[in-house]
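Quick mapping for you: the protein sequence lines, in order, are chains U, F and W.
Here the first sequence stands for residues 1 to 264, numbered as in the numbering used here.
Here the second sequence stands for residues 1 to 263, numbered as in the numbering used here.
Here the third sequence stands for residues 1 to 248, numbered as in the numbering used here.
What you were told as hints is all true, and nothing was included just to trick you.
Beyond 10 Å from chain W on every Cβ pair, some chain U residues (computed):
#, residue
1, PHE76
2, ALA151
3, VAL251
Label-pair restraints from in silico Cβ distances:
#, chain 1, residue 1, chain 2, residue 2, range
4, F, PRO17, U, SER22, 18 to 26 Å
5, F, LYS111, U, LEU256, 54 to 62 Å
6, W, TYR238, U, ARG36, 50 to 58 Å
7, W, ALA227, U, SER22, 42 to 50 Å
8, F, PRO61, U, ASP104, 50 to 58 Å
9, W, GLN146, U, VAL66, 52 to 60 Å
10, F, ARG116, U, VAL245, 57 to 65 Å
11, U, SER22, W, GLY143, 23 to 31 Å
12, W, LEU94, U, ARG36, 16 to 24 Å
13, F, ASP155, U, HIS259, 53 to 61 Å
14, F, LYS111, U, HIS259, 54 to 62 Å
I should point out that these hints are in silico values taken from the structure, not numbers from a laboratory.
All residues carry an ideal CB built from backbone N, CA and C; glycine is no exception.
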Amino acid sequence: MAGVEKKSFLSPVWKRRLLRSSSVILLAVAWEWGARMHFVSDFLLPSLSTVLERLWNDTISGEILVALGLTMVRTFAGFTMAAFAGIIIGVTIARVSLVRWFFDPIVSVGNPLPKIAFLPIFILWFGVFDWSKIAMVAFSSVFPVVVATWAATENVDKYLVWSAESLGVDRRALLWQIILPSAMPGVFTGLQIALPISLIVVIICEMTMGGEGLGGSMMTSMRFADSPGVFSGIVAIAIIGSVLVKLMEIVRRRLLIWHAETAH
Amino acid sequence: MAGSGIVFGAVTHTYRPLRGRPVLALDGVSLEVKEREFVALLGPSGCGKSTLLYLLGGFLPIESGSITVNSKPVTQPGPDRGIVFQNYSLFPWKTVKQNVLYGLEKQRMPKAERERRAQELIELVHLKGFEDSYPSQLSGGMKQRVAIARTLAIDPETLLMDEPFGALDAQTRTLMHEELLAIMQRSPKTVVFVTHDVREAVYLADRVAVMTARPGRIKEIVDTRPASGSRANYLQAPEFTAKVDYLWNLVRDEAIRAQEDHG
Amino acid sequence: MKDNIFIRYLPLVLLAILWEIAPRVHFVDPSELPPLSAVAAAWWSLLLDGDLWTNGISSLINWSFGLGSSIIIGIALGVMMAWSTTIDDIASPLVKALYPMPKSALIPVMILWLGLGAGSKIASIALSCLLPVIISAYNGARGVDQTLIWSARACGASNRNVLWEVILPGALPDILAGIRNAVAISFIVLVASELLVGQKGLGYLISFLGEGGVYDAMFAVVITVSALGFFADRAYLYFMRRTLVWRE
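The shape of chain U in the complex, shown without the other chains (with noise of 0.2 Å):
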């Protein structure tokens, strides 16, 4: 990259392939190594492997199980309300000139605002058990999906549309055949968008609030001062996180079949 590629005695490409395959490995290694030499305390970063022996026991003990289950309960429920809620929206707006006279500047407002800020609001309305959670979670994440699924439907390729009127379909079936599957991948890309924004939602609200679920354990952890339980939530957390976003992009790789060969 700077202009003149250097040579190293080991062949470049197998040295490259080497690093790159063995640089995670080599941190957690660093990581175990340096914490078993007490380089800080055992409080301040337990090792490695005392943090997967946790985490290991918490999940044979059902205590991890009990927390995600209710992690996964709130996110999916605010995920799938703010899911239904802005793909109308989305969608009607970019059909009903009146509707979208309404929400734009709510949604041109609203967009870059941290809705976090509205939690205790919430707390007030819905109590300081799921609802408000929930409610949280909605309102945070129907943003990305709104405007998602505005752009995807306002933007189906007109020619597409034409063809359709020139062969006379009528305005239901242009919708729901030719409009909404040609706007699917924009709308998923949004879906795939406000997944772990609903993740992270939950997450903040359980350290907030506290009680059960991983947010939650995580603070009380840290309350009492408990590191490796700490540790282990941070684990717990980023496994889940990957696994939903595996999990999108999987469902995306089926629904939008017919999409596989423009390159998405």
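Assemble chains F and W onto chain U, guided by the hints.
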């Protein structure tokens, strides 16, 4: 004069991607370019002609063989070998004038002199009035002229050109040919010009080196100077057509082989 | 008429009017949604009391140090990764692995390490914003056309010249887009961390007022924080467009 000009000595180059097998791009290319000579490298896609140019420019490391310019081996890029690319390669965040000034700034020329020289070159390529325009506001032909002005500003002994007119439409390309020849008349330089357009090569160059399909070697070198010594009316001359035909037949087989290779 | 800015934002004006009327006629419970005028009055007295200022300054410090450091470190790391293949080979897999993790999950660790004060909040913001900036700087720097770099070298540019005069300007569009992202994230993590722990900051003020039952003031601060996030984004967009004027 011995030792002057460019000498390629059995240059071999292998392309090693991060994924996939290494590919032999150039296989023992030897060529001499005399001082102030205009040599075209002609060949099918993938024959390595651009690679050879980049090696000469010092942008790629020379693994095997040697390249010397005025008896000094090439190790890295430098202002003695200016380069013009097909995609113009103008700094999009700089204006026309700032682009042309770039090399002059690197040479630590005093400010007044830099400005004067930049202005001189902008006028040379007929872009007076566009000094404060950004590249995004210019047409392809105009952009290429800025690129040429920028390279000429630092007055390199050698000019490397990598299919510089390939992205232009036919009319603009013809005009650019004439402009290039006019500029070379005023301040002659050693030029190594890469192209896959046979007519362009015959029209512009003193000699044309035809390269084989990958791995690239020099197939044949043809003298393409007009007998009259002047390029006026060269395009209509029968010797022009004869040379184009001859070269096309040389290239044609290689072009077919290149297609089969890629396909 | 449609392009008129007044017409465009009219729905918001209507919603504001609704906000004023609905609680007053008891269409909604005014103890749960105080009328807009009450919220405005509460905002005003918070301002005069100085509460808004002191907490605002505290948040500003957390936010600017957190975001600022993530921008500087992120650009430096991203460009270094793009510049050196060795650093790229070591760091890229790590970045890819860390990307899907919700960064807010790091807040408790930061509190564990740095306590309940500003330090943990600044660190949380910095870490959360770091990855988007690194990735955009990396992509931007890698995306700089090789021929631009070579042209610069043929003009006599040194390594340092290439880095500062070609790669950084070339990567700027991507970097600026990544920073816009980071600005949005920074507000979220700021508010989240201040809601969680601490004695200062606008997030803390919101939860304090909420727990004290002073709802009109609570709404006022929520609106303030939201407005800050909104105007930060708008101001940034304006700055971005002016810097990238050459793009057309």
